[in-house]
Every structure is written in structure tokens, then in C-alpha cells.
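Number of protein chains: 2
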Amino acid sequence: MTHTPHRRGADRTEAIMRTTLELGQEIGYAKLSIEAVAARAGAGKHTIYRRWSSKGALLLDSLLSLNEPGLDYPNSGDIVADLRAQIYTAVDLLARPPFGPLFQALIGEAQHDPQVAAALNERFITPQADKTVARLKAARDQGQLSSGFDLDLAMAILSGPLYFQLLITQEPLTHEYVDRILHALFAGMGPQPQP
Amino acid sequence: MTHTPHRRGADRTEAIMRTTLELGQEIGYAKLSIEAVAARAGAGKHTIYRRWSSKGALLLDSLLSLNEPGLDYPNSGDIVADLRAQIYTAVDLLARPPFGPLFQALIGEAQHDPQVAAALNERFITPQADKTVARLKAARDQGQLSSGFDLDLAMAILSGPLYFQLLITQEPLTHEYVDRILHALFAGMGPQPQP
Numbered sequence: 001m002t003h004t005p006h007r008r009g010a011d012r013t014e015a016i017m018r019t020t021l022e023l024g025q026e027i028g029y030a031k032l033s034i035e036a037v038a039a040r041a042g043a044g045k046h047t048i049y050r051r052w053s054s055k056g057a058l059l060l061d062s063l064l065s066l067n068e069p070g071l072d073y074p075n076s077g078d079i080v081a082d083l084r085a086q087i088y089t090a091v092d093l094l095a096r097p098p099f100g101p102l103f104q105a106l107i108g109e110a111q112h113d114p115q116v117a118a119a120l121n122e123r124f125i126t127p128q129a130d131k132t133v134a135r136l137k138a139a140r141d142q143g144q145l146s147s148g149f150d151l152d153l154a155m156a157i158l159s160g161p162l163y164f165q166l167l168i169t170q171e172p173l174t175h176e177y178v179d180r181i182l183h184a185l186f187a188g189m190g191p192q193p194q195p
Numbered sequence: 001m002t003h004t005p006h007r008r009g010a011d012r013t014e015a016i017m018r019t020t021l022e023l024g025q026e027i028g029y030a031k032l033s034i035e036a037v038a039a040r041a042g043a044g045k046h047t048i049y050r051r052w053s054s055k056g057a058l059l060l061d062s063l064l065s066l067n068e069p070g071l072d073y074p075n076s077g078d079i080v081a082d083l084r085a086q087i088y089t090a091v092d093l094l095a096r097p098p099f100g101p102l103f104q105a106l107i108g109e110a111q112h113d114p115q116v117a118a119a120l121n122e123r124f125i126t127p128q129a130d131k132t133v134a135r136l137k138a139a140r141d142q143g144q145l146s147s148g149f150d151l152d153l154a155m156a157i158l159s160g161p162l163y164f165q166l167l168i169t170q171e172p173l174t175h176e177y178v179d180r181i182l183h184a185l186f187a188g189m190g191p192q193p194q195p
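Protein chains in written order, with full-length UniProt numbering: chain P, 1 to 195; chain Z, 1 to 195.
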């Protein structure tokens with residue numbers, strides 16, 4: 001591969017996002033700035049602002065770029081196995097070191113900055129909720145989901161307990177915890193009917 | 001009631017917490033400081049620091065003081081009704097105006113400040129989890145809960161979807177939302193057995 005003096009757009013975008021993650025890990029979210037990313041990446045800060053309106057939006061895209069397929073759900077025909085696989089991937093990427101602390105700080109920032117909250121929802125939560133609902137609908141058609149389950153709540157019910165662990169108790173988000181949550185959610189809290 | 005030049009401890013504590021909430025609502029969490037609370041409440045800042053190690057701990061106690069019974073669960077014999085009643089109270093106090101924005105900012109701060117995170121868990125989350133487990137155990141004894149339900153997950157599963165709404169989507173946390181979440185959690189996501 002030859003070096004050219006002017007990087008093509010896609011290369012430059014990738015370099016900016018990679019630099020954002022490197023610098024974020026080194027100095028933390030609070031000290032991260034678009035100016036510092038621009039300087040290290042050898043890009044103009046206006047180039048960055050044209051694409052990302054804030055450092056929150058830039059960091060979020062940088063984190064999501066680590067998983068190019070965009071945290072899709074597999075469809076093996078087994079809904080619990082497929083949710084588990086997708087949640088493992090999401091948790092490993094966003095809720096554990098090395099990138100978990102940056103995602104956690106980003107959500108912290110979203111409590112003070114409506115622009116960061118909007119970017120988080122637009123770039124991540126809403127698309128993920130759409131994918132989750134689509135996968136659950138397919139499961140319902142196959143009789144693997146309660147026919148009365150309120151799909152609009154799927155994202156809150158499946159990911160709420162994970163965010164609780166990440167943001168409130170701040171204990172490690174292990175695969176074993178994910179397994180226990182999925183088991184409890186599928187079984188339900190209500191008494192099981194007698195056979 | 002006669003005024004005395006030196007307020008008794010309990011009165012003073014109450015005045016400090018009331019002032020914290022007033023000032024917090026006026027200027028927001030970011031600008032709130034123990035010094036400013038001390039000045040307005042006519043208390044020494046060392047008096048405040050003796051009891052609260054940070055403004056996060058002070059604000060948290062101030063919010064919780066608004067509900068003296070400490071967000072207890074009623075025990076009417078109907079577990080869903082009792083969870084609903086307690087969650088309505090908690091949500092009205094901590095997740096809706098006028099105090100919701102302060103609680104939200106406090107959790108935002110907990111993502112950057114381990115002391116605030118520790119105070120949140122010690123003063124609120126752990127005691128609430130204990131109460132939740134005790135109420136659910138009683139329900140299980142009465143056959144109102146799945147016998148296999150993992151009680152250690154109760155707090156995460158019940159409050160996770162509420163924190164998701166407060167912190168992530170940041171949409172209003174209505175009683176209707178609480179009702180739908182409780183219904184979905186008790187029914188479970190798995191397919192219902194055929195009668």
C-alpha cells in the first residue's frame with residue numbers, strides 16, 4: 001500500500017475515530033477534545049466538526065466502528081441463544097475494559113448534555129431497538145416468544161438490567177450475569193402454572 | 001415553637017438538606033457546592049463535611065429525606081400491587097420533576113466520581129435491594145412469585161428498565177410505563193404453556 005499526501009475520505013474518517021479511541025483511553029473522556037484529536041490525527045478540526053457535532057457524537061461513532069456489522073443479531077432459530085450471542089458482543093465492546101469506561105463516561109455526559117443524549121439515541125439506541133424488535137418478531141412467529149409480550153419494551157427490559165450493572169452498581173458485567181438475566185426474563189417473575 | 005440561637009442537631013441537619021434541594025433546583029447540580037449550601041443555610045461548611053463527604057452524598061440524602069419512610073414496600077398480600085405502589089412513589093420522587101433532574105445529574109456524576117457512586121449504592125441502592133428481596137421472599141412464600149426466580153437479580157430486573165428510561169432514552173417516566181413494565185416482567189418473555 002502506497003502513502004498518498006491526501007488521504008481519501010474513508011481512510012481519514014477511520015484515522016480520526018482510531019485516534020479518538022487511543023486518546024480517550026490515554027487521557028479519559030473528561031480531558032478529550034476535538035482539537036486534541038484533530039492535532040494528533042493530522043486533520044483539521046473543521047473536518048471533524050463537519051461530520052460530528054460534538055466530542056460525544058465522535059466518541060460514540062468511534063466505539064461503534066469497532067464492530068462494523070453494527071451489533072446485528074444472528075438468526076439461528078433459537079432466540080435465547082441469539083440474544084445471548086449479541087449481548088455478549090455488545091457487553092464485551094461497550095461495558096468492559098478497554099472501552100467500557102469511555103462508554104460509561106459518555107452516558108454520564110448524556111445526563112448533563114442533551115446533544116450527547118440525542119446522539120446516543122439516534123446513533124445507537126434507536127437502531128439497536130429496531131434490530132431487537134425485528135429479531136423478537138421473528139421469534140414470536142416461530143412460537144419462541146410470549147404472544148402477549150410488549151415489543152416496544154424489549155430494549156428497556158433486555159438492556160435495562162445491563163445498564164443498571166454498568167451505571168449504578170458498577171460491578172463487572174460478566175457473561176454469567178447476562179445468562180442469569182436472560183434466564184430470569186424468559187421465565188418471568190410470576191408463579192408458574194401447575195402442570 | 002421558640003427560636004433558639006443554636007439550632008439543635010436534627011433541626012440543623014434538616015435545614016441543610018432543605019437548602020441543598022432549594023439551591024440544587026435553582027442553580028443545578030453542576031454549580032451546587034457545599035460552600036454555597038453552608039452559606040445559605042447559615043451553617044459552617046465543616047459541620048456539613050463532618051456528616052457528608054461530598055456534595056453527591058449530601059444531595060442524595062437530601063432527596064431521600066423527602067420520603068421519610070425510606071421507600072418501604074407495603075404488604076397488602078398482592079405483590080404486583082405493592083411493587084406498583086412503591087415504584088410509583090420512587091419514580092414520582094426521583095425520576096420526575098421537580099427533583100428528577102437532580103437525581104439524574106447525580107447518577108451522571110457517579111460515572112466520573114467513584115465517591116458519588118459509592119454513596120449512591122451505600123445510601124440508596126443496597127438498602128432498597130434488601131427491602132425488595134424481603135418483600136419478594138414474602139410473595140414467594142405466598143405462591144405469588146416464580147419459585148425459581150433469582151432474587152439477587154430483583155433490583156436489576158425491576159429497576160433496570162426504569163433507569164433505562166431515565167438515563168438513556170430520557171423520556172418521561174409515567175405510571176403507565178411502570179404498569180407495562182411490571183406486566184411484562186411478571187408474564188415473562190418465554191412462550192406461555194398451552195392450557
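Bear in mind the hints are in silico, worked out from the structure with no lab data behind them. Since the structure is predicted, the reported quantities are computational estimates derived from the model, not experimental observations. Heads up, a few of these hints could be off.
For chains that are exact copies, the list does not tell them apart, and a pair is met inside one copy or across any two.
[Stated by the list, open to error] Within a straight-line C-alpha distance of at most 20 angstroms, the following computed SDA-like cross-link-like pairs (lysine to any residue) qualify:
1. LYS31 / LEU151
2. LYS131 / GLU22
3. LYS31 / GLN128
4. LYS45 / GLN142
5. LYS31 / SER53
6. LYS137 / ARG180
7. LYS137 / SER53
8. LYS131 / ASP11
9. LYS45 / VAL133
10. LYS45 / PRO101
11. LYS137 / ALA187
12. LYS131 / PRO98
13. LYS45 / SER146
14. LYS31 / ASN121
15. LYS31 / LEU21
16. LYS31 / ALA85
17. LYS45 / ALA57
18. LYS31 / ASP113
19. LYS31 / ILE125
20. LYS137 / GLY28
21. LYS131 / ASN121
22. LYS45 / LEU182
23. LYS131 / GLU176
24. LYS131 / ASP78
25. LYS131 / ARG96
26. LYS137 / HIS183
27. LYS31 / HIS112
Quick rundown of the hints versus the structure:
1. In this assembly of identical chains, the alpha carbons of LYS31 and LEU151 never lie at most 20 angstroms apart, being 39 angstroms within a copy and 40 angstroms across copies at closest.
2. When the C-alpha separation of LYS131 and GLU22 is checked against a cutoff of 20 angstroms, the pair qualifies neither within a copy, at 29 angstroms, nor between copies, at 43 angstroms.
3. In this assembly of identical chains, the alpha carbons of LYS31 and GLN128 never lie at most 20 angstroms apart, being 29 angstroms within a copy and 35 angstroms across copies at closest.
4. Taking the shortest alpha-carbon separations for LYS45 and GLN142, neither the intra-copy value of 50 angstroms nor the inter-copy value of 64 angstroms comes in at or below 20 angstroms.
5. For a Cα distance limit of 20 angstroms, the shortest separation of LYS31 from SER53 inside one copy, 17 angstroms, qualifies, whereas the shortest one across copies, 25 angstroms, does not.
6. Proximity of LYS137 to ARG180 under the C-alpha cut-off of 20 angstroms is restricted to the inter-copy arrangement: shortest distance 18 angstroms between copies versus 23 angstroms within a copy.
7. Taking the closest pair of Cα atoms, LYS137 and SER53 never come within 20 angstroms of each other, the shortest separation being 35 angstroms inside a single copy and 49 angstroms across copies.
8. Taking the closest pair of Cα atoms, LYS131 and ASP11 never come within 20 angstroms of each other, the shortest separation being 28 angstroms inside a single copy and 54 angstroms across copies.
9. For a Cα distance limit of 20 angstroms, the shortest separation of LYS45 from VAL133 qualifies neither inside one copy, at 38 angstroms, nor across copies, at 52 angstroms.
10. For the identical chains of this complex, LYS45 and PRO101 are neighbours neither inside a copy (25 angstroms) nor across copies (33 angstroms), given an alpha-carbon limit of 20 angstroms.
11. In this assembly of identical chains, the alpha carbons of LYS137 and ALA187 lie at most 20 angstroms apart whether taken from the same copy (18 angstroms) or from different copies (17 angstroms).
12. Proximity of LYS131 and PRO98 under a CA criterion of 20 angstroms is satisfied in neither setting, with 26 angstroms inside one chain copy and 35 angstroms between copies.
13. For the homomeric pair LYS45 and SER146, neither the shortest alpha-carbon distance inside one copy (50 angstroms) nor that between copies (56 angstroms) is at most 20 angstroms.
14. Taking the shortest alpha-carbon separations for LYS31 and ASN121, neither the intra-copy value of 23 angstroms nor the inter-copy value of 27 angstroms comes in at or below 20 angstroms.
15. When the C-alpha separation of LYS31 and LEU21 is checked against a cutoff of 20 angstroms, the pair qualifies only within one copy, where the shortest distance is 13 angstroms, while the shortest distance between copies is 30 angstroms.
16. Taking the closest pair of Cα atoms, LYS31 and ALA85 never come within 20 angstroms of each other, the shortest separation being 34 angstroms inside a single copy and 43 angstroms across copies.
17. For a Cα distance limit of 20 angstroms, the shortest separation of LYS45 from ALA57 inside one copy, 14 angstroms, qualifies, whereas the shortest one across copies, 39 angstroms, does not.
18. Both within a single protomer and between protomers do LYS31 and ASP113 lie at most 20 angstroms apart by alpha-carbon distance, with minima of 16 angstroms and 15 angstroms respectively.
19. Taking the closest pair of Cα atoms, LYS31 and ILE125 never come within 20 angstroms of each other, the shortest separation being 25 angstroms inside a single copy and 30 angstroms across copies.
20. Taking CA atoms no more than 20 angstroms apart as the test, LYS137 paired with GLY28 passes in neither setting, with 39 angstroms inside one copy and 42 angstroms between copies.
21. In this assembly of identical chains, LYS131 and ASN121 lie within 20 angstroms of each other by CA distance solely inside one copy; the values are 14 angstroms within and 33 angstroms between copies.
22. Neither within a single protomer nor between protomers do LYS45 and LEU182 lie at most 20 angstroms apart by alpha-carbon distance, with minima of 44 angstroms and 48 angstroms respectively.
23. In this assembly of identical chains, the alpha carbons of LYS131 and GLU176 never lie at most 20 angstroms apart, being 23 angstroms within a copy and 25 angstroms across copies at closest.
24. Within a single copy, LYS131 and ASP78 get their C-alpha atoms as close as 16 angstroms, which meets the 20 angstroms cut-off; across copies the closest is 36 angstroms, which misses it.
25. In this assembly of identical chains, LYS131 and ARG96 lie within 20 angstroms of each other by CA distance neither inside one copy nor across copies; the values are 22 angstroms within and 29 angstroms between.
26. Proximity of LYS137 and HIS183 under a CA criterion of 20 angstroms is satisfied in both settings, with 19 angstroms inside one chain copy and 19 angstroms between copies.
27. When the C-alpha separation of LYS31 and HIS112 is checked against a cutoff of 20 angstroms, the pair qualifies both within a copy, at 16 angstroms, and between copies, at 12 angstroms.
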